[in-house]
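Could you build all of it, start to finish, from the sequences and the hints given here?
In order, the protein sequence lines correspond to chains C and E.
For reference, each letter of the first sequence is one residue, going 1 to 223 in the working numbering.
For reference, each letter of the second sequence is one residue, going 1001 to 1130 in the working numbering.
Hints are computed from structural coordinates only; laboratory data are not their basis.
Misleading hints may appear alongside valid ones.
To be verified - 30 Å max Cα-Cα, derived BS3-like pairs, lysine-lysine:
no.	chain 1	residue 1	chain 2	residue 2
1	C	Lys183	C	Lys53
2	C	Lys100	C	Lys176
3	C	Lys53	E	Lys1127
4	E	Lys1127	C	Lys100
5	C	Lys32	C	Lys100
6	C	Lys144	C	Lys176
7	E	Lys1127	C	Lys144
8	C	Lys183	C	Lys144
9	C	Lys176	C	Lys53
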Amino acid sequence: MEPPTALATLHGRKVHAFCREVTRQPGDDLSKADETAALQADLSFMETLRAMKARFQLLVVGASATDDSGVLLALRQESLFQLAEFLFALQSYGIDSSGKIETLASLHNDHLLSIRDDRERMRRFGLSIDRLESALFTGDNLRKLVANFTMPTAAIDQSDLARFLVTVMSSETCRKLVLASEKAGFVSRARSPFGAVLVHTNGTLEEIYGTVLREARHAVSRK
Amino acid sequence: MPSAGNRPGRRIAGAVVAAMLLAALAAPAEAGLMGVPATPPPLSSAELSLVAANPLLAQLQADNPWVLRAALAGLEAPASGDAKGSLTLGPDDLALIGANPAFADMYRASPEAAADLLALIRTASGKGRK
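Given below as structure tokens:
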């Protein structure tokens, strides 16, 4: 994704003009009535996006195996939406083989190194060099990632999950979400003989995420 | 460290950091002080609501009720009435968070990073973008 430096350097009326320019489609010459209709559609889309997140939270809390207030509080965090999005994307894009998870780990490493070499981007992401480098898959931990992922009950080490999610949440947030998800019955955690905490998802979060995503898409296409 | 009394509003980060520092420095000591009761005065109903809604405060209540008192004072917890008022970060809080990477990390969020992550997974899958 290209950094939004062009937009970030604009202010006031320049931003207004910039937004008008980027939202203009080829051949656009909207009448006032058309502009009003387009704005209505934009507002409707905005409401659908918000409703999607609200519905996600409602379904997640409803599916939780516990009504412990601490667990429900964790499940309501915005970061759970991101965890579910990651798991849903892995499942839906078919990242299900040793080759694909290894490719993903390699792309992840390249991505982190490119952020490390771009100080402005690193600052924008709120990351440090130490944090980035500790999230790289190297040697043994890459081999363990692949081995765990291709077991009959595919699993991922909790620390590897945090590595993949390093740019979107802290490792502590990731750990707390996994703990809450376990108590809610969405994942299981097992300690491996090598000290790893293997996380196995039962698909609930992915199913809920997929459901609200499709609902939102249908809601938009109906309007 | 921002002062709790020099501007209106609630100082979340200041209160939490102050409480954590106090917990680290003073926790083992105050129980043995002459003339200091082992537990502080009971909390008001509004303070109890605030504690119930904030796990960190609940942890302080269990670990060190005196430090909880300091944290509540920093938060300027209402003595009565609705405890659900919005907790906002002021300039002092933001400066404090900026100077403490661990706190900044708690608030870290990047839609750009989330979009990048999805693109990586799509690329690894070998599927193109529509």
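Status of each hint after checking the structure:
1. Lys183/C / Lys53/C: 22 Å, holds
2. Lys100/C / Lys176/C: Given pair Lys100/C, Lys176/C holds - Cα atoms ~27 Å apart, limit 30 Å.
3. Lys53/C / Lys1127/E: Given that 30 Å is the threshold and the Cα spacing comes to 26 Å, the pair holds.
4. Lys1127/E / Lys100/C: Given pair Lys1127/E, Lys100/C holds - Cα atoms ~12 Å apart, limit 30 Å.
5. Lys32/C / Lys100/C: 50 Å, violated
6. Lys144/C / Lys176/C: This hinted pair holds, its Cα atoms lying about 22 Å apart.
7. Lys1127/E / Lys144/C: 26 Å, holds
8. Lys183/C / Lys144/C: Distance of about 26 Å is within 30 Å: holds.
9. Lys176/C / Lys53/C: 20 Å, holds
This entry does not satisfy hint 5, going by the numbered hints stated previously; all others are met.
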